[in-house]
Every structure is written in structure tokens, then in C-alpha cells.
Amino acid sequence: MKKIIVIGNGMVGYKFCEKLVAKAVKGSYHMTVFGEESRPAYDRVHLTSYINGTSAAELTLASEAWYESHGIDLHLGDPARKIDRTAKTVVTEKGLELTYDILVMATGSAAMVPPIHGVEKTGVFVYRTIDDLDKIVGYAAGVKKAAVLGGGLLGLEAAKAMVDIGIEKTYVIEFAPKLMPRQLDDTGGAVLRSKLSALGLRVHTRKHTYQVLGKDRITGIQFVDESELSVDMLVISTGINARDELARDAGLPTGTRGGIVVDDTMRTEDPAIYAIGECAAHGGMIYGLVAPGYDMAEVAVTHIIMHHLDGEKKQRLFTGFDMSTKLKLIGVDVASFGDPFLTADKAQHVIYEDKVNGIYKRLNISLDGKYLLGGVMVGEASQYNNLLQYYKNNMLLPNALESLVFSEQKGDKPAGMGLEGLPDGALICSCEGVTKADICQAVNDGHESVDEIKKCTKAGTGCGGCVPMLKDLAAITLKAQGKAIHMEICEHFTYTRQQLYDLIKLEHLRAYDEVLEKHGKGDGCEVCKPVVSSLIASISNEMILRQNNDTAQDSNDRFLANIQKGGSYSVVPRIPGGEITPDKLLTIGTVAKKYNLYTKITGGQRIDMFGAHLSDLPLIWKELIDAGFESGHAYGKSLRTVKSCVGSTWCRFGLHDSVSFAIKIENRYKGLRTPHKIKSAVSGCIRECAEAQSKDFGIIATEKGWNLYVCGNGGSKPQHALLLAQDLDSDTCIRYIDRFLMYYIKTADPLTRTATWLNKLEGGIDYLRKVVVEDCLGKGLEWEAEMQAILEHYECEWKAAIEDPVIRKRFSHFVNAPEERDPTIEFVAMRDQKRVAEWQ
Amino acid sequence: MNNTEMTPSSTPWFFACQVGDVPRNGGVCVKRGTEQIALFHFARTDSWYATENLCPHRRQMALSRGMTGSAGEMQEPKVACPFHKKSFSLLSGKCLSGEHYQIKVYPVKVEAGNVYIGKDPIRQDIDASGEYLECAS
Chain A
1 MKKIIVIGNG
11 MVGYKFCEKL
21 VAKAVKGSYH
31 MTVFGEESRP
41 AYDRVHLTSY
51 INGTSAAELT
61 LASEAWYESH
71 GIDLHLGDPA
81 RKIDRTAKTV
91 VTEKGLELTY
101 DILVMATGSA
111 AMVPPIHGVE
121 KTGVFVYRTI
131 DDLDKIVGYA
141 AGVKKAAVLG
151 GGLLGLEAAK
161 AMVDIGIEKT
171 YVIEFAPKLM
181 PRQLDDTGGA
191 VLRSKLSALG
201 LRVHTRKHTY
211 QVLGKDRITG
221 IQFVDESELS
231 VDMLVISTGI
241 NARDELARDA
251 GLPTGTRGGI
261 VVDDTMRTED
271 PAIYAIGECA
281 AHGGMIYGLV
291 APGYDMAEVA
301 VTHIIMHHLD
311 GEKKQRLFTG
321 FDMSTKLKLI
331 GVDVASFGDP
341 FLTADKAQHV
351 IYEDKVNGIY
361 KRLNISLDGK
371 YLLGGVMVGE
381 ASQYNNLLQY
391 YKNNMLLPNA
401 LESLVFSEQK
411 GDKPAGMGLE
421 GLPDGALICS
431 CEGVTKADIC
441 QAVNDGHESV
451 DEIKKCTKAG
461 TGCGGCVPML
471 KDLAAITLKA
481 QGKAIHMEIC
491 EHFTYTRQQL
501 YDLIKLEHLR
511 AYDEVLEKHG
521 KGDGCEVCKP
531 VVSSLIASIS
541 NEMILRQNND
551 TAQDSNDRFL
561 ANIQKGGSYS
571 VVPRIPGGEI
581 TPDKLLTIGT
591 VAKKYNLYTK
601 ITGGQRIDMF
611 GAHLSDLPLI
621 WKELIDAGFE
631 SGHAYGKSLR
641 TVKSCVGSTW
651 CRFGLHDSVS
661 FAIKIENRYK
671 GLRTPHKIKS
681 AVSGCIRECA
691 EAQSKDFGII
701 ATEKGWNLYV
711 CGNGGSKPQH
721 ALLLAQDLDS
731 DTCIRYIDRF
741 LMYYIKTADP
751 LTRTATWLNK
761 LEGGIDYLRK
771 VVVEDCLGKG
781 LEWEAEMQAI
791 LEHYECEWKA
801 AIEDPVIRKR
811 FSHFVNAPEE
821 RDPTIEFVAM
831 RDQKRVAEWQ
Chain B
1001 MNNTEMTPSS
1011 TPWFFACQVG
1021 DVPRNGGVCV
1031 KRGTEQIALF
1041 HFARTDSWYA
1051 TENLCPHRRQ
1061 MALSRGMTGS
1071 AGEMQEPKVA
1081 CPFHKKSFSL
1091 LSGKCLSGEH
1101 YQIKVYPVKV
1111 EAGNVYIGKD
1121 PIRQDIDASG
1131 EYLECAS
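Protein chains in written order, with our numbering: chain A, 1 to 840; chain B, 1001 to 1137.
Everything labelled a hint here was simulated from the structure, so no lab data went into it. As the structure is a computational prediction, the values presented were derived from the model and not from experiment. For glycine and all other residues, C-beta sits at the position ideal for the given N, C-alpha and C. Possibly wrong hints are sitting among the right ones.
[As the list claims (entries may be wrong)] Pairwise CB distance ranges, derived in the manner of DEER restraints:
| no. | chain 1 | residue 1 | chain 2 | residue 2 | range |
| --- | --- | --- | --- | --- | --- |
| 1 | A | Gly589 | B | Arg1032 | 38 to 44 Å |
| 2 | A | Gly446 | B | Lys1085 | 25 to 31 Å |
| 3 | B | Arg1032 | A | Asp804 | 27 to 33 Å |
| 4 | B | Lys1085 | A | Gly200 | 58 to 64 Å |
| 5 | A | Gln481 | B | Arg1032 | 54 to 60 Å |
| 6 | B | Ser1097 | A | Lys704 | 25 to 31 Å |
| 7 | B | Arg1044 | A | Lys834 | 27 to 33 Å |
So that you can see chain A by itself, here it is in the shape it has in the complex (with noise of 0.2 Å):
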């Protein structure tokens, strides 16, 4: 058994040994890791979150149990001190002395701190580890003012430390004239230095700090400009210095600007002694990012294990690593790829700048005009993912540039790659290397969800921001499969909503046992049975309580009332438009007070009384018919309301009578089924008093006619209605609402509002409107005329359920005492009117 010592436990060394465990044959190696924190290695990168609470359990990587379970002995608290490379011993802090076959070097590195005088004094900190930040956060109480010095990655990660820590002023020095000089062109600089002043930030660059003010403690800092800031705490966070002072005592050759001076296999120039992570220095360069290093891991823990096989299996090298980061600064997206200076002799240039909102995008393209060649995006950086894999892969650009600049809409495919468009090499996780390739395989393999990919093949495990792709190359992959993702409705049907559709049309079946009996199994349940009453309901629009289906209807359509907390129901009479003659009201007052409910306006222009007991309702809606009033079908998954404004014919703005065509759409639509409930409004004019844009079809009048706007839905998730068609007369505007209607019926699945149904579309409202308003499938006609022949069936439930005997029955609480009220409702008093007793 070879003994390896593995020097230092950070994020590197940690992902060392788990590598080794991973791809060693279990009890070949013994390792034994020096550790010179206390604690287990940690999450760097998400070391800001300590301060908001984030544990530093949570942040560990693994337990010490983890070491234990695997063989590996774990020393922390106990630095090495010396290595003594030709008896191969390592002898530590406290005294121990370990000979060694392989020895690791992930010392990482240490907080740079500039040759500023005064930096010993009291209240002067580094940013770099769990013990610094407990320190800062300590000496924080009273602390009023603060300053960073560093504008680079490290120096606002601790910035925004210190905001969230809640000291009042923050500033950050820099000595270079941007923020992120590294990283950012001027511009990018400039449009980051605004938004983080806007956020309460103070940046001054072009700053360079001379001493440190204050007897013991520090009450300021003097520039060499003999200007001064007065402050009572400074965090240094200016770089980095690798960590190479063990390996340099032992003789091993070390890099200009430092760094154990490693080759592509991570060995140093002694064979027995590899180095990793940000100790090493690799062609000249130490790379201060967890993602090289995480590769430099992989690639000597291959070098290790083949070095002692046989093998002639290809090496996996280091060769360099791409230091493209995206990042979230105190809230701005900021990410930078590529090499984002290229000038103009070198590059074309896309750039978007919006001063308003602070978005900055600067992409650098080949002259030719075929290739990205890097990129800096300031204040939004959605596209980042997207334009990494043309970077990276070297990719063809798509003609429209303008695509790669501007976040997709929502339910647009992205006008440029799809992730279909990859390579299979394509390093879609870079903080754990893995490619398309990987994900795919591992989809393919059975691990079709991202919670399982990322166990099986950990992409999505480092920074997270590959998740999204990780969801959509599974979607990709199982349609690639054959496979759909929402297949069967339930354990009853092996079909989907829209088989199931076609099936009851073909076949006229009308009632759910029918259904069940030719193509289903069991005995159904609460899902199937909703879903294929809603496809008989949307087909026939036969009274749902009819043909022996009552029973197979949701809850609340059986009863044809919502039920309410406590057990009774709601009563709602459809009042289309809004509009509602005083008659009206009075009756529905007067109904309201002899059946002791209580009533409320609704959000959707009509009156609700609450409080019926099941007995009553068809008493209830007696005296409503008789009146005039229709059922409201707010206990459906159907047409609810159609909002109005006023319109032209009182308001000084209407262009056309929104009431009267509101009343025209709703009394139109009133009845259809559809699969989830369906909203809609009119505004007769731009100022859109009826909030048409928030529904699911909504009408905006125009000087030349109407707007219609559709797949709007306001709800936990709200979406804006997208525009469909334009300046349409009513006839034309009814005529698409009937199809885009016919389309969604038939082509949704079960419970999905239309805002979801599009967002799931492929091409989005463009292929929508080509259905529709182009008619490219050339079904408008026969769409038209379904529904004519579905809106010709209606009839008002609940006259139908009163006037027959055998539902009407169905309306009492006791089958064996109907006249009875549920005893256990409770009701009490509130603001002159009651409500329902609480849940118990």
C-alpha cells in the first residue's frame, strides 16, 4: 500500500482525496492530510454566506466522519513544517514525522497584504477564512465606517461583507482606475462603479494607499496623495500570495511571482511531489479560482494512479483553464469571458450600453465575424451560460447578433444555439469538468432528474449555474428517448390529456365510467377523474350532472359551489360585464339577508355570498333564476369572468363600448370547459382600467378596433398577456379567440393556466400566432364551427339541477334526514356580517 500525505485541506486538497477514493482501487493508497485550520475543509466560495448565517457546518465539504469511514487520516490544527525530500518525511507543527511515497501539496494561499505601513494595528483584518471572518465580525460592533481595500473579485465579495454585516458606510479602495480590473473593460467598470455606489457602496480607485492612521487602533488610512479617509476598520482583500514557502525550504523551484512550479501533470520537479490548486504555478500562472483547481486535482490524481499502472491509457493534462467567471455582486450580475480587452485591430465589438438600468455588454468578435472571442456583461448576464459554449467550443455565430446580446423572452426558443447545437465535448459544469457528454450518458443511464444527475455525475454541485442547462439537456436527452416527461395523467390511464381527448371525441363516449371501462384501469381517483369530465364537459357541453357523471365531477362541480372552510358553500351568479341592473342588486340582497350569507365584491366584477349550507343552494339559486340570474360557474375549470372598464359610452377616453363587448364574450364563452379556469377583459381604451393584459385572453381597443392579448395570468406566478393580433374588428377578434380557445382545449395538459401552456409551446406566441391568425395548421375552420357546436349546448347548470328531481336530491347533507343542516358548521360574528368558525 502506497503512502501518500497530502499538505493542506482547502477546497483543492479536500477534492483531491475525494477523487483518489473515487477512482483508486480501494486499499491501495493510505493517505493522511495536515490540515493548519481547525476545521474540515470548507466552501470558500460562498464565504460571504457565513456572515448571513449560513453555518460553518453547512459549508463544510465533509465531515471528519467522511475522512474516518474512508481510510484517511485527517490532522487539523497541525501544519507541516518541513519536508525532507530525500528520507521522504514529512515532520509537522506538532511533532510528527511521517515518511511518505507521494506527497501533495494543496497549501493554497494566503491573503496578499501591500507594504503599507501600519497594517499590524488593531482593527486592520484579512478576508480569507472562516477565523478572519469571525474576527471581523467581532470587531464590528460599533463600527461605523469600514473600508476594503481591493475593487477586484476578493475586495467586493468582502464589500459586500460588510454591508450585510450593517455598517452604515462601506468604502472600497482600489488602486487601479476601475473595479474588477482583471476582469472588466473601462466601461464595465464604470457601469459597475454606478451600481454599486446606487446600493450605497463608496468605490474610489485610483487610490494608493500609504499608511494606516491611529496610535494602536486604526481611526483612518493616508493615501500617498496625503488625502485621508477616516475609518475604524480596514479589510485587505487586495490578491493572493501562493502558499509555497514549505516547498521552497525543501528546494523545489518556484515561479517569478511564486508558486510551486508544477508540470502538465501537476508534478513538481521532484517526481515523488506533486502540487495543486493555487500553491501551484503552471506555465508562469497561478490561477486563484476553485474551478482550475478542482481540475488540477483530476488530472494528478490520474497522473498518480496511472504512474502506477501499466497501462498505455491516455494522460489527462493540465493545460491551462479558462478564467471566464460569472458572479452575483451585492446583487449585480457581473461576468466576464474570453479575453474581454481585445481591441479594435484585433476584434469587432458588439456593445450595448443602457444607462438608465445599468446594463453594460461588450462582446468581442472574430473581424471575420465567425467566432466569439470573449465578452464582459455588466448588470444582467442571462446569456453567459449561452455565450460561454460559443467561446469555448468555437462555435458558429448566428447571423442575428442581436440574439446573444438580449436575454430570451419567456416562451421564445433562444434565436441562436440550442443546447442540441453542443458538441458532446462541451464542458457544461466547470466547477467539476463535466461535459454534455457526461450529463447525457447519465440521463440515459436513468438518472433523469437534476437531483439525480448532480449525485451521479456532480456537475451543478460547485456554483450552481449550470443547473438550468443540466434541467434542459435531461428534457432534451428523454426526448431524444422517445420519451415525454409528463406521460400518463395517473395510475388509472396510460394516456395523456390530449389522447384522451381525441379517444372521447372518436369514440362519443359520455360519461366517465365509460372512459374507465374501455381505456382505463381500477377504479380511478381524484386526478383522472376531474381531467376526463372536463374532456366530456369541453366536447359535448352536456350538464355535467347528468348521465350518471356526477360523482366522477371535481369537488366543487358536483355541488356546482365552492366549498368553503367549514363545509358550507359559495354562491356565485354570473353578472357579465360587471354590469348589474338595480333590481338585480336588490334581489340579490334580499336573498343574501334570508339565507344569512355573507356577501363581498369580487376581483372579477361580481358579488359572492358565502355561507350556504349544501340544503339551501338549490333554494338559493331558485329565487336567483326566477330573477334573472345565470350560474357563475366560479366552482369550474371554465370561462370565469370577463372584466370591463366603463368604455366609451360614459368615459371621456373610450375609443369603443368595452361593457357591451365584454357582455358579448362572456354570455359567448359562459359554460365552455377548459383545462384550467380562463379569465378575460375589455378595455375600451390604452389606459387599460380592465387590466385586459393580466388574463387569459384580454381585448384593448385601438382607433381602428381591438388589440387581443393572450396567456396572461395574474395567480402565484404572474405573466403579462403577450400581443396576438392587432386592430381587429369584433368579428375577426371572436373568430381567433374561438380558435386560440379550441387549440388550448385540445392541446393542454391537465390543470395548466394558458401563461404555463405557451411557456411550454415550442416557438412560443410567434408559432401560437401562426396557428391562429395565419392559420398554418389549417384547422381555423373546423376549430370555428367545434365551437359553435359546443357553444350551442349551453344551459344554465343550475336551472337544469333545480328542475330535476333526481340531482336536486343529491343537495342535502343527511341521506337519512335531509332536511338537516350539517350541525357541526359553525358561524360568528364580524363586521356586521358573519364568518366561518376557524379550523380547529
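Got chain A; can you put chain B on it based on the hints?
Relative to the frame of chain A, chain B by itself:
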């Protein structure tokens, strides 16, 4: 499984309603003094089940208005509460939605078009094999 153990022959019955009073594949609520019993009829297998009407989740008298159905390979009969769709086995009274609720289940018998429900619930202790107790029907 020993049937007499679960449904002692001494079970006194009470008359609930007539067969035609209960909707196909649905439930009704039966009043017995101050108690409320949910009674269900599964038309496909002509099976009858009875449980307490109270859904233990939010203590609502609602199970009789729930949608009936079946679950799993064995097509175990169940009902879903109309409030939050918690499902309960009509055989064991156990909650099938992953929570530890338990409702009482009662024996049911049909004679000459009349439906009778047992006055005492079926014992809910489940034998060591974990099989469900069968309901008299």
C-alpha cells in the same frame, strides 16, 4: 385472514338508507344520533364501504362528498377529502397521502335493497403481515 375476528357476528347493525339513495361510485352522509358516517358505493365491483365522515386533517365533516377511487396494484378502494385531497383507504382507514391519520371504518351489509352499517367500527389493529383487514360487504 380470519374474518370473524374483524367483524364479530354480534355486531349490531343499523339501517342507513336504500341502495338507490347512494350515487354510483360516490358517497352519502348517514346520521346516527350525533354521529356522521360516510357511506360509499363502488358500482364496478358492487362494493360498499363506510367510514367516519370527519376528515382528521382539518376536522371537516366532508369525506362523504369526496371523490372515490382506487390506489396501487391491489386497487385498494379510497376516498379523497374535498378540502385538501387527503386520501384515505376505505379498507384500513389509513391516510394514503403520507400522513399518519387514521379514520374509523365500519362494516356494511346490504339486504333486500336496504343498506345497513355496523354500529361499531372494525378493529383497526393490523396483523403482523401488514395486510389490510377486509370489510364485510
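The hints, checked one at a time:
The given range of 38 to 44 Å is respected by Gly589(A) and Arg1032(B), whose C-beta atoms sit roughly 39 Å from each other. At roughly 30 Å, the beta-carbon separation of Gly446(A) and Lys1085(B) lies within the given 25 to 31 Å, and the hint holds. Arg1032(B) and Asp804(A) have their C-beta atoms about 29 Å apart, which keeps the hinted 27 to 33 Å range intact. Taking the beta carbon of each, Lys1085(B) and Gly200(A) are about 48 Å apart, not inside 58 to 64 Å as hinted.
At roughly 56 Å, the beta carbons of Gln481(A) and Arg1032(B) sit within the given window of 54 to 60 Å. Look at Ser1097(B) against Lys704(A): about 54 Å separates their beta carbons, and that is not inside 25 to 31 Å. Between Arg1044(B) and Lys834(A) the C-beta distance comes to about 42 Å, which lies outside the given range of 27 to 33 Å.
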